[in-house]
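Build the full structure now, drawing on both the sequences and the hints.
2 protein chains.
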Amino acid sequence: MRKQEAVEVVEIRKPIPVAEAVERVLSHAGKTGTETVPLEESEGRVLASPVRATHPVPPFNRSPYDGFAVRSQDTAGASGSSRVRFRVIDEIGAGTVSAKTVGEGEAVRIMTGAPVPDGADAVVMFEQTVEDGEAFTIRKPFEPLENVSLKGEDLEEGEEVVPAGSFIHAGTVAVLATFGYAEVEVAKQPTVGILATGTELVDVTEPLAPGKIRNSNSPMIAAQLRRMGIGYKLYDAQSDDLDAVAEAIESALTETDVLITTGGVSVGDFDYLPAVYGRIGADVLFNKVAMRPGSVTTVAAGSGKLLFGLSGNPSSCFTGFELFTRPALLRMMGANKPFLPHTKAVLGEDFTKANPFDRFVRAVYDGKTATPAGFNKSNAVSSIARGNALIVLPGGTRGYRAGDEVDVLLLGMEEGSAKWME
Amino acid sequence: MRKQEAVEVVEIRKPIPVAEAVERVLSHAGKTGTETVPLEESEGRVLASPVRATHPVPPFNRSPYDGFAVRSQDTAGASGSSRVRFRVIDEIGAGTVSAKTVGEGEAVRIMTGAPVPDGADAVVMFEQTVEDGEAFTIRKPFEPLENVSLKGEDLEEGEEVVPAGSFIHAGTVAVLATFGYAEVEVAKQPTVGILATGTELVDVTEPLAPGKIRNSNSPMIAAQLRRMGIGYKLYDAQSDDLDAVAEAIESALTETDVLITTGGVSVGDFDYLPAVYGRIGADVLFNKVAMRPGSVTTVAAGSGKLLFGLSGNPSSCFTGFELFTRPALLRMMGANKPFLPHTKAVLGEDFTKANPFDRFVRAVYDGKTATPAGFNKSNAVSSIARGNALIVLPGGTRGYRAGDEVDVLLLGMEEGSAKWME
Numbered sequence: 001m002r003k004q005e006a007v008e009v010v011e012i013r014k015p016i017p018v019a020e021a022v023e024r025v026l027s028h029a030g031k032t033g034t035e036t037v038p039l040e041e042s043e044g045r046v047l048a049s050p051v052r053a054t055h056p057v058p059p060f061n062r063s064p065y066d067g068f069a070v071r072s073q074d075t076a077g078a079s080g081s082s083r084v085r086f087r088v089i090d091e092i093g094a095g096t097v098s099a100k101t102v103g104e105g106e107a108v109r110i111m112t113g114a115p116v117p118d119g120a121d122a123v124v125m126f127e128q129t130v131e132d133g134e135a136f137t138i139r140k141p142f143e144p145l146e147n148v149s150l151k152g153e154d155l156e157e158g159e160e161v162v163p164a165g166s167f168i169h170a171g172t173v174a175v176l177a178t179f180g181y182a183e184v185e186v187a188k189q190p191t192v193g194i195l196a197t198g199t200e201l202v203d204v205t206e207p208l209a210p211g212k213i214r215n216s217n218s219p220m221i222a223a224q225l226r227r228m229g230i231g232y233k234l235y236d237a238q239s240d241d242l243d244a245v246a247e248a249i250e251s252a253l254t255e256t257d258v259l260i261t262t263g264g265v266s267v268g269d270f271d272y273l274p275a276v277y278g279r280i281g282a283d284v285l286f287n288k289v290a291m292r293p294g295s296v297t298t299v300a301a302g303s304g305k306l307l308f309g310l311s312g313n314p315s316s317c318f319t320g321f322e323l324f325t326r327p328a329l330l331r332m333m334g335a336n337k338p339f340l341p342h343t344k345a346v347l348g349e350d351f352t353k354a355n356p357f358d359r360f361v362r363a364v365y366d367g368k369t370a371t372p373a374g375f376n377k378s379n380a381v382s383s384i385a386r387g388n389a390l391i392v393l394p395g396g397t398r399g400y401r402a403g404d405e406v407d408v409l410l411l412g413m414e415e416g417s418a419k420w421m422e
Numbered sequence: 001m002r003k004q005e006a007v008e009v010v011e012i013r014k015p016i017p018v019a020e021a022v023e024r025v026l027s028h029a030g031k032t033g034t035e036t037v038p039l040e041e042s043e044g045r046v047l048a049s050p051v052r053a054t055h056p057v058p059p060f061n062r063s064p065y066d067g068f069a070v071r072s073q074d075t076a077g078a079s080g081s082s083r084v085r086f087r088v089i090d091e092i093g094a095g096t097v098s099a100k101t102v103g104e105g106e107a108v109r110i111m112t113g114a115p116v117p118d119g120a121d122a123v124v125m126f127e128q129t130v131e132d133g134e135a136f137t138i139r140k141p142f143e144p145l146e147n148v149s150l151k152g153e154d155l156e157e158g159e160e161v162v163p164a165g166s167f168i169h170a171g172t173v174a175v176l177a178t179f180g181y182a183e184v185e186v187a188k189q190p191t192v193g194i195l196a197t198g199t200e201l202v203d204v205t206e207p208l209a210p211g212k213i214r215n216s217n218s219p220m221i222a223a224q225l226r227r228m229g230i231g232y233k234l235y236d237a238q239s240d241d242l243d244a245v246a247e248a249i250e251s252a253l254t255e256t257d258v259l260i261t262t263g264g265v266s267v268g269d270f271d272y273l274p275a276v277y278g279r280i281g282a283d284v285l286f287n288k289v290a291m292r293p294g295s296v297t298t299v300a301a302g303s304g305k306l307l308f309g310l311s312g313n314p315s316s317c318f319t320g321f322e323l324f325t326r327p328a329l330l331r332m333m334g335a336n337k338p339f340l341p342h343t344k345a346v347l348g349e350d351f352t353k354a355n356p357f358d359r360f361v362r363a364v365y366d367g368k369t370a371t372p373a374g375f376n377k378s379n380a381v382s383s384i385a386r387g388n389a390l391i392v393l394p395g396g397t398r399g400y401r402a403g404d405e406v407d408v409l410l411l412g413m414e415e416g417s418a419k420w421m422e
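Order-wise, the sequence lines are chains A and B.
Take the first sequence: its letters are residues 1 to 422, numbered as in UniProt numbering.
Take the second sequence: its letters are residues 1 to 422, numbered as in UniProt numbering.
Any given hint might turn out to be false.
If chains are identical, the list can't say which one is meant, so a pair holds when it fits in one copy or spans any two.
[To be verified] Once the Cα atoms are required to be at most 25 Å apart in a straight line, the calculated SDA-like pairs of lysine to any residue come out as:
#, residue 1, residue 2
1, K368, K419
2, K337, G165
3, K337, E185
4, K368, A402
5, K368, G152
Note that these hints are calculated values from the structure, not bench results.
What follows is the structure in structure tokens.
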């Protein structure tokens, strides 16, 4: 009897393409709302409203060089054989303003970043002068506004500088500071719960016993969320017991927007997640994706919550998070770039066995070649420790050869390179 | 007189190649030592000692499928016309161990991840059987160890899984958890100070006044450090006053390993940092780099501390941090991949003006093309808000054309892509 049930479940699982699965998840990602954070805590968040220029940039006509501010009309006719002479009447550094107005034949010594004084409309660089006490001469004429950074030439007041939905990086912070945003309106972060299931699991602090393995998925997902700056609630791992799992999930859903479970989504006798989704009335968006690893990844939605049923295999679990959970969380925060960045690379090793499903192979990408990170069975622990990318090998009837151009999803570039660019 | 001094300073500044400047900085980066953190705080840190397998992986002979564990010798001769029959004597899920030993003609129903019971040496998948109550038949023979994940086939006990000096990402955390590392030995983070100089600077919370701009470099650097997970001490910005700047720097150095200043490194009348380095007895490693922007970037070392004198221009300051400060901090932490990752891209726009110095152009890299992020003067605010990469255009006598292949340094891939992979 049991076997018959399992077969029925298998039969109703229709694999859908990865892109379609991603789309289904994103279409159920509701917005989290907004909140205000201090500028110094804004890095890594998603901007909820656009940054506008609250003043022109530059805010005044500025000298881009160290030199002398002059009236361009006074430089007319200057040449090597007929040098024109100026008297220096003042000196200003960045942050100071000359109280004087530059008159005929006069100049103000000026440092980079300082405002061009009244009367002047050009800056002569030191290198273009011969100094002589409180005076200097030049040998060429200057155009009006020559060597002047014009007020507003970079940005006009009111202009949108960074659109809502942007990821706030250090450059964004510089812009926010420039325009006086001591507080920043950002997207609220979803509350995410992590709940591992599996009778085989013991906690990281516990000794192993026969048949047991340590729960590595919960800390891993916590780290994936931590990288995104998103907090989490970590629930105690549950044994494979339908009632206990259902109860734990129902309880967790009362205090989370998104619940990530691991394990229990396959079709074994103790894979209770499908039954749990039925019991709590969540709509299963899909329970089979045409991908390896992670084909049993299941996503359900109900009461405005998203439930990610990731596989218990660490590699499948990792990939399921990056492909489905991460973009969903980013979409909930209104991010306009929620997907993993991708590029093309040269495949570093043969992958000759054809597979009807798309494969996502953990790999080391060095900016040119993507090489499988090792033993790549879905439960391999060693490959998950390596690599910064997923090679995408579309499903089909043929394998792939070293040297083929392949798509690569970039998991993060924080680790960097062992060598300075050649 | 003043002019003469400035000229002399200019003359003794010999630009050195960027790669050499990076190397000089790294050769002065002393190690920070190590500390222990809880596993859940280890993401983003640098591993101080290798992670070793504290047990084999898998820890026991494991079933990779749902099916039946049998003795392979009992399957000999099975065929479609001569099916072999087994009696099911027990059932085990992952995390449980059968108390029974599989004898002749016997089988144990087994779920994925469960240990293969004593006596058995092969697993028959459900799909390969016809069930019949508490028995089943098969139509093909099985090899010894067929469908068995062998104890230790992924990792042997004691094997090094992740080397010291590795960046700890989510996959690393999974490995640490698997092997029971509830605490992790990581590199101590350097104590970094940020001190902006410039009479023109007002704080982000202050209104602008004539000639003033807001201090955007300090919050920007704080965000660059925050992305690296490194804390910082933020000092009050200083006006361009030699005594005050020297005093602030001396005081900051008593409580920091690395001090980042912005501004004051050029050769204007109020650029006091060169004099400060002399006064505090720090060795200037270089004060001119053959790069744009940021050619005046100055790095000094003394008493085991590193002083980064970054330019006051936000783009120069940003680039100086990413090229010099970031790898130095990572090297101090023993990171084995301290450099910005790089790749090749197609230049998205002409850059026809030749420059003898290498240019680092802030750009939007989409996985294929790198397009300058906009107005790219070194003080442009708007370009710093955009882009995730620096295009590297080697100095020389020629310009570059759209379509040329160029080197690109990747500043971070956290932001992601607006589209799922095509």
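query = Quick check: which numbered hints come out false for this structure?
reply = 5
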